[in-house]
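Chains as they are written, first to last, in my numbering: chain G, 1 to 375; chain S, 376 to 675.
Some clues are possibly wrong.
Simulated DEER-style distance windows between Cβ atoms [what the hints assert, rightly or not]:
#1 G:Arg132 - S:Lys486: 40 to 46 Å
#2 G:Ser138 - S:Pro467: 37 to 43 Å
#3 S:Ala463 - G:Gln73: 40 to 46 Å
#4 S:Lys486 - G:Asp168: 40 to 46 Å
#5 S:Ala463 - G:Gln170: 54 to 60 Å
#6 S:Ala489 - G:Pro315: 44 to 50 Å
#7 S:Ser404 - G:Ala296: 49 to 55 Å
No lab work stands behind these hints, which were simulated from the structure alone. Yeah, the Cβ is synthetic: ideal placement off N, Cα and C, and Gly gets one too.
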Amino acid sequence: MDVRVHNIRKEFGRFPALDDVSLDIRSGELIALLGPSGSGKTTLLRLVAGLESPTGGTIFFGDEDASQKTVQQRNIGFVFQHYALFRHMTVLDNVAFGLKVRPGHRRPPAAEIRKRALDLLELVQLSGLDKRYPAQLSGGQRQRVALARAMAVEPNVLLLDEPFGALDAQVRKELRKWLREIHDRTGHTTIFVTHDQEEALELADRVVVMSKGAIEQVGTPDEIYDHPVSPFVYGFIGQSNCLAVTLQNGEIWFEDRPIGLRAPAEPDGPANLHFRPHDIELIDGCGGCLAGLVTASRRVAGTRHLELDLGRTHPPVEIELPPERAAAGDHSRIAFRPTKWKLFRDGERQAVVAEAKSESSPIEMQEPTLVAQAS
Amino acid sequence: MSHDPTASSVASPGRQAALPQLAAATSESRLARLTLTITALAFVALFLLLPLAAVFTEALRKGPAEFVAALGDAETFSAIRLTLTVAAIAVPLNLVFGVAAAWAIAKFEFKGKAFLTTLIDLPFSVSPVISGLVFVLLFGSHSLIGPWLQSHGIQILFAVPGLVLATVFVTFPFVARELIPLMQEQGSSDEEAALSLGASGWQTFWHVTLPNIKWGLLYGVLLCNARAMGEFGAVSVVSGHIRGETNTMPLQVEILYNEYNFVAAFAVAALLALLALITLILKTALEIRYSAEIAASRRH
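Pulled out of the complex, with its shape left as it was, chain S reads as follows (with noise of 0.2 Å):
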């Protein structure tokens, strides 16, 4: 952070010509280096590359009208539709409930933080399918309130609310702990300060603590979004599966690779994943346009 001047005094040509050419402590042989790299390369083209190669290749492997043709069928095009719709609601919900629980953990001491610091986590620690498993005991017609809502002509299971609830479940964590350690790193004091200056709380949050987050809301909300649209588990619990109105995209995949329509499958799979790297390309670009504005950012 600073340019101390003296730091490029102590090293002048003269004093480094005389220095004998030693490594810095930390840096390891070309050897090791070369190991490293070249593992962490292979993982990384083995379990990563590799697959997504395979999606795109099986996809167009009888070429691009078919795969064209795959995307156009009713069916399929619901699915994608659906997707998006619970990635519309789920996101946006998601993105409030994060920054509020972050919030009100990184700024206030109250009773049962600890608790609900850990209950964020839940999502991540829970098989998918038994969160899903969750919503049909809440909901379903042997549950309590399942008569109820039926008799009032209510559909949240293998609906799109039973999709958006199990959606919103499973995404729950993200925001909000991409936001945690960042805003207690940040403490309160720019808060106070705004606070000091006469700001009322909603412009102190709209104008200091919104503009310290938001890289780290960004990339919560992407990577939220990305999960969103790929969650399989708890989505297929709730969802019955019904063609053309409640399969999403990761659904109507199983259902077209069972029914051995490869090409099908992984066209959907491979817009899947296409939507997967436009995220996190998008991430990318915006880092890179931003940097010096991210690192002061998490500078104090």
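So that you can see chain G by itself, here it is in the shape it has in the complex (with noise of 0.2 Å):
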């Protein structure tokens, strides 16, 4: 079932969680909400499922405005973090539970819900545990159980609070993959929330980045990757380095000299250069370029990762190399050029001001956050 959401604002006593958010997730996908701590994301799921009601704004699924609904009548599965599974009950009672408590005419018969049970239980690979009680599973099995028992009900939606959060890290690797096989097998609408960006990116159909109450971008794994819209989804996905540099006749200027980007049509006045430690290329004899001395170096697996001082009171830049390309040691000087980069402009808001650099890519985007960009 698809749900929307419009225009939704919450407010805790005078603060506001969540601002004028607006959100369309089709139906069958699979999609993070991602985002650091106090961003929102948590809140717009307890909103979507009706565990809290909004200060404003409404939540459809399908075309029923579920915001007129209890959280018992809109169907929905929620997993929680910690797992929340009745520890009184086996977990076969666990995964039954949803369906035993429905009035008389809506429940199944009890050999019924005892058959969907252990089918559930066989979904998440756990045949055979039925008489455990929670407190007798690992961590990650049962996180499989709080999924299987949320499924029991046949949910609109399933709704998922940083499900992987406790676990640790194998396990959580584990489950990812495991998650997206389930995902696909059972074709379940499927929102969860996480502030593990690997996670989102690997998981999800499409990424939701949030920060501060508010939706930054929406968009795939690659489009959140290679075309953040923000200096804010440039900075939380990914490693990025950002330059204060100045425009000028259509020229990026670094300090005192051009660096050979070209801004055209933009106004002159300071922005900032956003570029990817992995989008440069280096250049011998520097007719415009960046250039720094090798502060630290590290080997992380397949590439060098290089550390620069550019001088002054600029923070130290880190670009990556393949390893032969990096051999000079320690205080060797390195100049380099950015070869896929975005400017964005200070202020308020930060404004729209330039085109991409050179090649015939239109800029995409209408975030009035974009300056300008190269690929």
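Relying on the hints, combine the two individually framed chains into one complex.
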């Protein structure tokens, strides 16, 4: 079932947790709500569930206005970070709970409830553990019971609040893959909350990046990573560098010289240049480039990470190179130029100023934050 | 909680033998341990076991026949019955009040919550005699509603209702105090899970909340019951000491003692102590029987 969130506002006391948020989720999608703590992602999830009621705005399940309904009437499946399994019930009873508490005319016969619960336990690969109590299961197993329990009621939408947050890294990775498989097999519309970008990018069809109670960007993992529309998304997703630069006659200047990047049709003035550590090229003989001293060098798997001091008050910049190209030791001087970058301009609301540097690709974002980009 | 397989492999015999035998950082020397243990045991013996033994010895001084005869006395028998009646009314009332108060405080945010929490402790901090006097001031013949009650033939003071009210007041904190920290620690996510699965409020309470708190609840009820049967101060003020009618067991003990009827006094006292002991034994037995489940319900 598709879920549409319309201009939702939520205030706790006088503190706004969500400010005019709208979001369309298509039926069968796997959506990640990603953001730092305090960004409002869990609040949004709980509003969709009906565990909180909005200060303003509406939520539609299909064509029905769900915001008028109680949590029971919405028929959702909710999975909690700390499982919230009923500790005094066996695994089987936990999974069957949602069916057992139905009023008589909607409740399946006992034998069918049992069969459905057992089937779900098989789906989550916990066959044979039906008589155990939650305390006798590992964290990963408990979370799978919680998911089976949520799916037992055939929910309109499956909501997961940091589902892997309490698990260790190894189990997290396994469960992540496994959740994707379950989703592909059952096709439930699923929304999950996470602060782990790797989890969001790997698992979700579309990622909703949130910050300070508002949505920054909605897009596929590729769009989010390759075309961030705001400085926040640039900084929050993946690694990125930010340099304070100046625009002069369509050319980008760093300190007292142009660096060989152009943003034509841009008014003069200060701006911020964002680029990722791996989107750079080394340059021999600097006729318009960025250059700095190597202050630290780390080998991370297949690449070498170099920390460069660009001088004066600028924070160090990090670049990634293939190990063979970064053979030179510390304190050597390196000249480079970003190959993919974006310009954003400071201000209360950062305003559109620029087009992309060279190539034909037009700027696809309407968001006011984008200034210039190149790929 | 987790049976970590690496934990056992670390403590392999080879490594253990290689390490010098050092005591854990938190363990004390033998002498210190011995001193602490003896102090604690001596204290328990002096202040708990000795008086208890004295009560039973005094009660049985003239033989079991006298003991039984003392309990069979009409006034004493009526006191026993009254005590059980009052406890049977007061304890269920406080069970309901206690659960309601703990539920409200642990699961909801509302104005005046801190005030309510403080109020619940009030009976602990106020002298029981004053608690009793409050009811005399409220329902006595010189009070505002005293004359109205009298004209309608409603007897509260010096009757069972007064005794129940005083007992309820004094024993109010036991159940709530036991449940509030427990419910706060457990949080609301179990309830939210049940609601999200379609359970009604009542189903959620019955199938999820109650099982989660049942051990704390039982403990609170047992303590509440022990205190309800043993309460003296507040009950003494509202009882009026009418023999064979409004004397509870603790009051009867006092009367018999003041009349130098030591065997009877100690016989009733022994019975009262026995009820308390049974309460404690019951609690311990339940704890042993369901230790695994209790441990599980306290974990997250």
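Starting from the hint list further up, note which numbers the structure goes against and sort them upward. none
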